[in-house]
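Visitor: One-letter residues, chain by chain:
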Amino acid sequence: MRVALMATCLGDLIFPDVPRATVRLLDRLGVQVEFPMGQTCCGQPFVNTGYVDEALPAVRAYADAFSGFDAVVIPSGSCAGSVRHQHSLAARRSGDPALEAAVAAYAPKAYELSEFLVDVLGVTDVGASFPHTVAYHPTCHSLRMLGLGDRPRRLLEAVRGLELVDLPHALECCGFGGTFALKNADTSVAMGLDKARDVVASGAQVLVAGDSSCLMHIGGLLSRQHSTVRVMHLAEVLASGDGAGS
Amino acid sequence: MSATFLGMPPFPTAARTALANEQLRSNLRHATGTIRAKRAVVVAEVDDWEDLRTAGAAVKDAALRHLDEHLVVLEQALTARGATVHWARDAAEACAVVADVARAHGVDEVVKVKSMATQEIGLNEFLADRGIAAWETDLAELIVQLGGDLPSHILVPAIHRNRAEIRDIFRQRMGAAGRPAPVDLTDDPGDLAGAARLHLREKFLRARVAVSGANFAVADTGTLVVVESEGNGRMCLTLPEVLVTVVGIEKVVPTWSDLDVFFQLLPRSSTGERMNPYTSTWSGVTQGDGPQEVHVVLLDNGRTRALADPVGRQALRCIRCSACLNVCPVYERVGGHAYGSVYPGPIGAILNPLLRGVGSDPQTDSLPYASSLCGACLEVCPVKIDIPSVLVDLRRQVVDAHRRQRVPTPEATVMRAAAWAFGDARRLSLGERLAGLGAPASRWLGPLVPRWSSSRDMPTVPRESFRRWWRRERAEGGRS
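Going down the list, the protein sequences come from chains F and Y. Sequence positions in the first sequence follow the working numbering and run 1 to 246. Sequence positions in the second sequence follow the working numbering and run 1 to 480.
So that you can see chain Y by itself, here it is in the shape it has in the complex (with noise of 0.2 Å):
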């Protein structure tokens, strides 16, 4: 049941894969086109939306501009209320937070809310490991957990399945994990949802710790918020004795009344809805009225190495709420898996790198590579991050990071090659003339042929060059 991302090979292969898959192909489509759709319609009802995403961008970049000052703030705030927090500079050390209180309680279960980044330092594993079962409670979550399958999307992590493929793994394995479907279950959507739920509440009721992570941290009042659409997140910020949150650093915000703007533009941007169906906050422990004891893990985890990077940097204003990935065209037909990560789509091309540094490891170097660049992705980033541009400077640091190996790629030789060549228009001439005019052009591409022309016909070159005909026409006796 514990599928992983490690050792999944780079983008273009990985790609070439889910596009053979035509379930898959058509899964995306159906439901990326339908949340693109839905959004659309409620920005547009927003007069003021572009404002938003300014002032959305300009409260991630002051936040994070005096990062390490808000989060002593909020470590002060949480304590004084109560919540232990605890600093972890990456997965080992959060996970293991997690683990202590675990077995502190003496228990071999936590119910989960859904959270990427406990999805990123691979919780569930390093809890299973050490007979901790993590149990997640997000209906799509628990359909990827119970398909011993991988999340491909940020919000909708099961966006591969359709509800034919959800019933049968519902049915086939349901019961190994608690209370089984019920054996005449159907595919349709309400029924589904009515065996995830009486599934789920048995786990609620009897769950003593709870796991969750943070949509954002409000440094000034030391208070958690998660916003769901479910109520799951609701039961298990609320049922267990004991609650552990966490929470990426980038998720500070300075007061309270900065979440105003995200509650406005992350419900439109990921869901398509004008409000958020359950937005929960706490602000350390509340006697006798929820988990009596809360603990709070500040995750580092390369967001120090993400913040250090002067055109990175933007993409830690990131909320998580996928409108880049529903927009793309690339991962609309690759799908998530193909890029690696429990972060897909582009924000997961940049964020990935950013995170774990490039130059030393072919699966994340080619993630900024996974693009076309045609930039609709900054079109509806609710906090304008420019991945273009940030995916663009990473292409140049994977290349800076290779330019000392002794015998360069067989790529970097061909642009070397090209760099000189157009560095002169006379050189450009002359291999104009070594060439040959009126040749197919795959005698100029020569080993880069069989990669266009597998399925594209390739252009024949003409017998005579532009500059050719301007220098015949224009230059000598004709009319310029």
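Isolated chain F (complex conformation) (with noise of 0.2 Å):
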């Protein structure tokens, strides 16, 4: 099995601790990844802004770069939710039907990260340690676009030593939304500030969630507070501790 990485263009360019933990984690569990140098965005901020036309660039170098893997690992919800449910219609909208073609050879096969671990590699046990509180965050492509349910929680799960406390209100956004969080700042902090406040009720040291971009916005208004809690991706407490569960 060919198994590549995407990175996406947030964690290439600014977490990039991000895809270097998956890299990690995948090594650990004997995955063999490769990172297209060709790859950039998966195009959803123009998809998701209106801007059809502009994300073709955006998808065409991702069909360019991983068509023909047999699995893409995505450490970001919304990006593979991009990739599966979206490339399609940018495809479609272009007239290219060799480009219609390949995003439909390659949009089953993009998974995100923890989809990827428990369906396709089949484990939920990854071997990793991490002694502290954590909440989890579902975001809102990952429980609604991907219907990924309780995957990230049975591998947080079965982390050693982390305690896995309730986030109140878990399932409602947190008002990041892509450009959203630009053009409506105010609605978007509205929304984020509820979400910060019921992470810190939760008493959790570190809020995990599978979206950096979540986690930028969520973690830049905890930092804007100066709160002791902690955001890290699912990626990043996956791949900690030396892999051999201690």
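Derived by calculation from the structure, the hints in this document are not laboratory data. All values reported here derive from a predicted model rather than from experimental measurement. Glycine included, each C-beta is placed from N, C-alpha and C at the ideal position. It is possible that some hints are incorrect.
[Stated by the list, open to error] From the structure, some residues in chain Y lie toward chain F, with a derived Cβ separation under 10 Å:
1) W87
2) R173
3) R305
4) P362
5) S366
6) A376
Two chains, two frames, some hints: make the complex.
Guide: This is how it looks when you write it as structure tokens:
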């Protein structure tokens, strides 16, 4: 099985610890992962703002970089959702049947990290160790667009030393929403502040989620409040420890 | 007393004002939370809820696919049963029909059943300008009307008011509109309802003309249906001599048995009740019983425009239950007025642009962006309207409508530049070097920074991007 990593633009440029943790984790699980250098972005920021034509270069870059792999691991529910459900929109609009065919072939092979671990590799205990109190934020696209269900929770529950606490109103959006965070900044912040309050109320030391974008938003609010709660990506937690469960 | 949505600012501006109102936010949080919990309980009781949703969507889709034929059947059935059918292309035509009927009977007042269609066309204001008072008889609509206020929710239009505010409105304003509220009126819900009942009873008994909407119009039997909770609708539909019903053309269902699925879906989705309290149905005129003159106004007002939209037409399935409003995190924080329409919330964010068209009015164009695309609305919609997908498609329409503009917006310029960079990884690497690693991310985002960082700290761009790390560690002399 040829497996590729899509680092996501945010992971590549702003949060490289997340794709690095993903590589470390997959190494431990014996998965040889490749990183096609031609990759850029999933195109979601364009599509979700209405710029479908502008998403096309990114979609073509994805098609060139990832066609032919058996699986593409994406440490983001939102970007995985974009590849699976939105690339076809952009391809259809391009009027390029070859691109449409390429999308139809690669879209089902895009996996969000927890899907890849649980469904493809069949593991829930990845041998991680993380002795902290953790709250998990399910992120909307992971929850509703991909239907990840309890996969991330099952992975976290198997981590040594990790105490998972309930996050009040967990199913509610944090308010990031891509360009919504800028175009409707006041509403986005109001939603985020409520989420940050719930995070603090949960008593967790660390907030974990599968999307760096949502974490950037919630983390930015927590940090502005000088909160001691840290935010971490699911990949970073699952890659922590020495891999032997200690 | 005639507040209007006309001239409302675009959503982000209106939302900012609403967010500053702490009382409003607390009222909304309490009210939406309560209805949301009620709905969740009664929906969980139904084993085949998902099948019901699928069936509801299918019935509506089938009806909309042959809407032209069903409307003609409806017109024939209504006419055969003694009703007069009027076709209205837009708000002005529909309002004129109602005003003409009122004038023909020489009345200066009508009583109204709560109706979204008549709100949509601004009927009360139209009639008021012609010296005819249109009295709202639904409790929440009465609160809104007496308060000189605007509705902020489809089902619970006064959701932004708490009971102390309602008591004050009743005390101060009821007298000018008819029987005054008792001077010692408390804010006890029972007392408030009692005051409204006495006030409204006079109007029910006096009015000669009533105006309603309809939740459904059954084509083959020519039957109109109103579902409500307070009994005020039943009063309006049975006591006056003349009844005018304004109904959107998308409310048609082909047969009586099509109602079955909606009578299960609607009450549980809207009020969180298992069964609707007052369901009134009437087919034309019944000799010696109820109104002896019945008019039906079939309203288009943008519906055929919406129907022509291949993605957006699913919005016409909407049965106005409000479940999407109650579950929406944006609506919960900003309330209904920020949407600038009688249709607020997620459904309003798609319905208004679909009915009006995009590309000319900044307020309308702002609505598809009034969502974080979290998808909670789709999850609860009883007729499975994929609101997030329609929002995204409407955003595309907004952008496309401005593509020919000679001077592109700053946003379009940023998007084009980013599209160029993301078209080739080498350009991305170049941009990375130019922007400077190790700097605050603000250097990349330029003028957008204040919108982010007024309340949120910005991440620092790391010294080494992932692809550089990979090249150093893996590709050149690394392990793979």
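Visitor: Run every hint past the structure and note whether it holds.
Guide: Status of each hint after checking the structure:
| no. | hint | verdict |
| --- | --- | --- |
| 1 | W87 | violated, 35 Å |
| 2 | R173 | violated, 32 Å |
| 3 | R305 | violated, 19 Å |
| 4 | P362 | violated, 13 Å |
| 5 | S366 | holds, 9 Å |
| 6 | A376 | holds, 7 Å |
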